[in-house]
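Single-letter residue listing:
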Amino acid sequence: MAEDAHEQSHEHKEDGIRAHQEGAEALTPWVGWVLAPAAWALHQGIGYAMVPWLCGTQRVWPYHALTAFAVAICAIGAATAVHALHRSQKIRPERSAQRMRMMALVGLMFCGAAFGGIAVEYVGVFYISVCAGVDQ
Amino acid sequence: MTDLDPALDLRRSRHDPVPEHLAELERTWLSPPGFLGWFTHVNHTSIGLRFLITSLVFFMLAGLLGLAMRMQLLSPLNGFLDPDTYNQVMTVHGTAMMFLFAIPAMEGIGIYLVPLMVGARDMAFPRLNAFGYYVYLIGGTTFFASLFLGLAPDAGWFNYVPLSNRDYSEGYGIDVWTTMITFIEVSALTAAVELIVTIFKLRVPGMSLHRMPIFVWAILVMAFMILFAMPSVIVASAFLMMDRLVETQFFVAEMGGSPLLWQHLFWFFGHPEVYIILVPALGIVTTIVVTFTQRPVFGYTALVLAIVGIGMVSFGLWVHHMYTTGLPLLGRSFFQAASAMIAIASGVQIFSWIATLWGARIRFATPMWFVLGFFGVFIAGGLTGVMVASVPFDRQVHDTYFVVAHFHYVLVGGAVFPLFAGLYYWFPKATGRLLHEGLGKWSCAIIFAGFNVTFFPMHQLGLEGMPRRVYTYLPEMDWTFLNQLSSIGSLILAAGFALTLWNVIRSLRHGADSPPNPWHAPTLDWATTSPPLNCNFARQAVVESRHPVWDWSRDGKRGVVDGLRSDRRETVVTTLLDARPQSVQILPKPTPWPFFSAVIASICFFGLIFSPWFYVAGVFGTFVTFVFWFLPRKREEVV
Numbered sequence: 001m002a003e004d005a006h007e008q009s010h011e012h013k014e015d016g017i018r019a020h021q022e023g024a025e026a027l028t029p030w031v032g033w034v035l036a037p038a039a040w041a042l043h044q045g046i047g048y049a050m051v052p053w054l055c056g057t058q059r060v061w062p063y064h065a066l067t068a069f070a071v072a073i074c075a076i077g078a079a080t081a082v083h084a085l086h087r088s089q090k091i092r093p094e095r096s097a098q099r100m101r102m103m104a105l106v107g108l109m110f111c112g113a114a115f116g117g118i119a120v121e122y123v124g125v126f127y128i129s130v131c132a133g134v135d136q
Numbered sequence: 001m002t003d004l005d006p007a008l009d010l011r012r013s014r015h016d017p018v019p020e021h022l023a024e025l026e027r028t029w030l031s032p033p034g035f036l037g038w039f040t041h042v043n044h045t046s047i048g049l050r051f052l053i054t055s056l057v058f059f060m061l062a063g064l065l066g067l068a069m070r071m072q073l074l075s076p077l078n079g080f081l082d083p084d085t086y087n088q089v090m091t092v093h094g095t096a097m098m099f100l101f102a103i104p105a106m107e108g109i110g111i112y113l114v115p116l117m118v119g120a121r122d123m124a125f126p127r128l129n130a131f132g133y134y135v136y137l138i139g140g141t142t143f144f145a146s147l148f149l150g151l152a153p154d155a156g157w158f159n160y161v162p163l164s165n166r167d168y169s170e171g172y173g174i175d176v177w178t179t180m181i182t183f184i185e186v187s188a189l190t191a192a193v194e195l196i197v198t199i200f201k202l203r204v205p206g207m208s209l210h211r212m213p214i215f216v217w218a219i220l221v222m223a224f225m226i227l228f229a230m231p232s233v234i235v236a237s238a239f240l241m242m243d244r245l246v247e248t249q250f251f252v253a254e255m256g257g258s259p260l261l262w263q264h265l266f267w268f269f270g271h272p273e274v275y276i277i278l279v280p281a282l283g284i285v286t287t288i289v290v291t292f293t294q295r296p297v298f299g300y301t302a303l304v305l306a307i308v309g310i311g312m313v314s315f316g317l318w319v320h321h322m323y324t325t326g327l328p329l330l331g332r333s334f335f336q337a338a339s340a341m342i343a344i345a346s347g348v349q350i351f352s353w354i355a356t357l358w359g360a361r362i363r364f365a366t367p368m369w370f371v372l373g374f375f376g377v378f379i380a381g382g383l384t385g386v387m388v389a390s391v392p393f394d395r396q397v398h399d400t401y402f403v404v405a406h407f408h409y410v411l412v413g414g415a416v417f418p419l420f421a422g423l424y425y426w427f428p429k430a431t432g433r434l435l436h437e438g439l440g441k442w443s444c445a446i447i448f449a450g451f452n453v454t455f456f457p458m459h460q461l462g463l464e465g466m467p468r469r470v471y472t473y474l475p476e477m478d479w480t481f482l483n484q485l486s487s488i489g490s491l492i493l494a495a496g497f498a499l500t501l502w503n504v505i506r507s508l509r510h511g512a513d514s515p516p517n518p519w520h521a522p523t524l525d526w527a528t529t530s531p532p533l534n535c536n537f538a539r540q541a542v543v544e545s546r547h548p549v550w551d552w553s554r555d556g557k558r559g560v561v562d563g564l565r566s567d568r569r570e571t572v573v574t575t576l577l578d579a580r581p582q583s584v585q586i587l588p589k590p591t592p593w594p595f596f597s598a599v600i601a602s603i604c605f606f607g608l609i610f611s612p613w614f615y616v617a618g619v620f621g622t623f624v625t626f627v628f629w630f631l632p633r634k635r636e637e638v639v
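Chains as they are written, first to last, in the UniProt record's numbering: chain A, 1 to 136; chain B, 1 to 639.
Mixed in with the good hints, there may be bad ones.
Unchecked claim - Restraint ranges, calculated between C-beta atoms of paired labels, are given here:
id	chain 1	residue 1	chain 2	residue 2	range
1	B	D84	A	A72	55 to 65 Å
2	A	S129	B	I53	47 to 57 Å
3	B	L260	A	I46	15 to 25 Å
4	A	L27	B	A343	27 to 37 Å
5	A	L27	B	T301	48 to 58 Å
6	B	T301	A	A26	49 to 59 Å
These are calculated hints, taken from the structure and not from any lab test.
Each residue gets a CB set at the ideal place from its N, CA and C atoms; glycine is no exception.
All chains, please: the whole structure from these sequences, using the hints.
Have a look at this one:
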């Protein structure tokens with residue numbers, strides 16, 4: 001009886017681990033979808049809010065750091081999407097694989113677009129003074 | 001929701017015979033007839049049509065106000081409208097077009113079509129659906145009626161402070177705007193929530209995310225945008241309401257508040273609003289292009305990316321409405337870059353459609369003509385959009401008629417042309433009758449010509465410096481000819497819309513009977529009768545591609561779900577990603593309680609204009625109606 005109970009408990013644990021792994025795998029193709037807009041919005045929102053402060057301190061490096069951080073988030077999203085693309089080759093049935101490929105591909109392109117967005121917004125700091133138009 | 005019924009079965013049926021229990025199924029899903037029964041309807045076809053018809057009525061009323069403005073501007077120093085009335089007319093025109101027509105129309109078309117396109121029997125929360133409609137109907141009617149009761153707002157659809165503060169706007173007009181807009185947006189939020197849940201959980205088996213029609217993707221993105229955008233304007237309106245009613249100081253600069261905060265909050269909603277209207281229209285256009293070329297859309301994945309990308313980037317553009325408010329130059333440059341960037345996503349779509357049309361044998365029926373009109377008008381509006389995204393150019397044309405021309409090209413081109421295309425395309429689905437093709441094509445041509453004669457001269461008027469939101473101009477400014485041209489164009493435009501209205505009224509009685517799938521469309525909305533059954537589908541389908549109806553007509557057989565009960569309202573629930581069958585949802589029967597809840601909530605909101613105590617009364621009143629709405633009942637009684 002005790003052995004049966006132990007075996008059952010072991011099976012439940014394995015089922016739980018499998019379900020957890022499947023859940024994590026199901027989330028993988030979404031990572032690019034979430035991180036790309038998050039990185040871009042973070043860069044734009046915080047960058048916009050910090051301009052008067054940059055002017056007050058006469059330092060630009062926090063903005064460079066923010067950009068590097070946002071690009072890193074994009075890179076993580078892109079890497080996860082590429083990983084999901086590779087994983088999709090092993091998934092069966094084919095319908096699930098197609099779905100995962102599509103989601104991962106959109107996630108990857110999304111990260112690329114977000115990187116482009118961050119880059120074009122970042123360029124301005126090399127041409128425009130952080131104090132231009134700031135009430136001092 | 002119940003666990004998956006063991007009897008639930010996914011079968012491949014050669015002829016999909018009408019199930020023996022169809023009569024019982026139809027009785028179960030029947031909406032009660034009669035006047036009193038009207039207040040109990042919860043079926044999505046009924047609520048979706050009501051949203052659409054009500055929004056089109058507001059469109060006509062707001063259009064008449066637009067005509068009144070054009071008549072006022074027909075000649076310099078004209079006395080057709082006095083300045084105060086002009087301000088009220090302008091404010092109600094803009095507010096009604098944005099809040100009472102454009103968003104509800106797109107939601108209505110989504111509510112009507114999404115369950116049909118994903119093969120479900122109804123929306124996920126039918127009673128919430130009905131509640132949202134009554135909130136919209138009562139709120140919208142109250143708002144519009146304010147014009148005739150001398151209570152109309154007059155600070156523009158953007159309602160800027162400090163103009164809308166108590167110091168500069170006495171009376172009840174601004175209070176009507178703040179309370180009713182907050183209230184109506186509750187309706188938008190309810191629709192968004194149920195659209196998202198319906199799309200995620202009620203798709204038929206086999207309709208995994210990569211097989212969803214582009215229209216459904218577009219509605220999904222629109223719903224998420226509403227969820228993120230609307231709270232901003234609701235918060236802003238609530239702050240202003242409190243500033244005016246209980247003397248808080250959120251927007252009063254002298255007391256440490258910030259008038260610019262209003263602009264930030266308003267435009268954080270206001271700019272995505274444009275895309276909330278545009279995105280479903282892109283779905284309509286794609287649907288029509290696919291059907292009338294009889295080929296799959298080119299670049300499905302890229303189109304999904306573009307739609308989601310537009311939804312995302314639209315939240316990063318709001319500051320381009322505030323270039324002249326004295327913000328830091330570097331900060332403005334971020335938004336200039338983002339504003340230009342959204343043209344890339346829009347361009348991807350245009351090229352996808354061109355590639356789909358290229359070399360195809362296109363069927364030039366009326367919906368396709370409206371789509372071609374959309375291409376012309378929307379691309380022109382997009383080009384001027386890139387121009388006003390640029391800080392130096394925008395500072396030159398800010399608050400001039402150039403901007404009026406730009407946003408009418410975007411909004412009418414981006415929303416009204418596709419909406420009319422959709423009207424001609426889905427009219428047979430909703431009524432079982434075809435609209436008259438000849439009248440439709442004439443209407444399209446007249447609308448296209450009238451629109452361009454009305455709004456194209458405004459570009460030049462703006463470049464010559466004519467300010468917007470002003471009730472008249474001086475003769476020596478030399479703006480008379482272009483204004484006259486514009487006013488004549490507005491009459492032509494109105495005639496074009498009137499022709500479609502006549503076509504609808506005429507075809508409802510005398511239109512030719514429509515076959516079940518008159519356009520040979522590939523999506524599930526055409527896999528049932530026209531108009532749809534009470535239960536939408538005799539049997540829910542199982543799909544195996546993006547174009548199930550084309551598959552079935554080619555193979556001569558279709559997959560169906562079997563095992564659902566016919567004596568209560570049931571629909572299949574599937575997994576979010578792959579749409580595997582998961583369980584069965586039991587949907588609620590018709591009830592008047594959403595209507596009563598909406599009436600009580602309306603009284604509460606409207607009363608807030610006069611006393612904050614209505615808030616307390618409203619909370620208790622709506623609580624009582626919610627108790628009856630959600631009163632638990634035995635499972636057998638759910639039907």
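Okay, the hints, checked on the actual structure:
1. A hinted range of 55 to 65 Å holds for the C-beta pair D84 of chain B and A72 of chain A, which are about 56 Å apart.
2. Separated by about 55 Å at the C-beta atoms, S129 of chain A and I53 of chain B satisfy the suggested range of 47 to 57 Å.
3. About 18 Å separates the C-beta atoms of L260 of chain B and I46 of chain A, a value consistent with the hinted range of 15 to 25 Å.
4. In this structure, L27 of chain A and A343 of chain B meet the distance hint of 27 to 37 Å, their C-beta atoms being roughly 32 Å apart.
5. The beta-carbon spacing between L27 of chain A and T301 of chain B, approximately 20 Å, falls outside the hinted interval of 48 to 58 Å.
6. At about 19 Å, the beta-carbon gap between T301 of chain B and A26 of chain A misses the expected band of 49 to 59 Å.
The structure does not agree with the numbered hints 5 and 6 stated previously, though it agrees with the rest.
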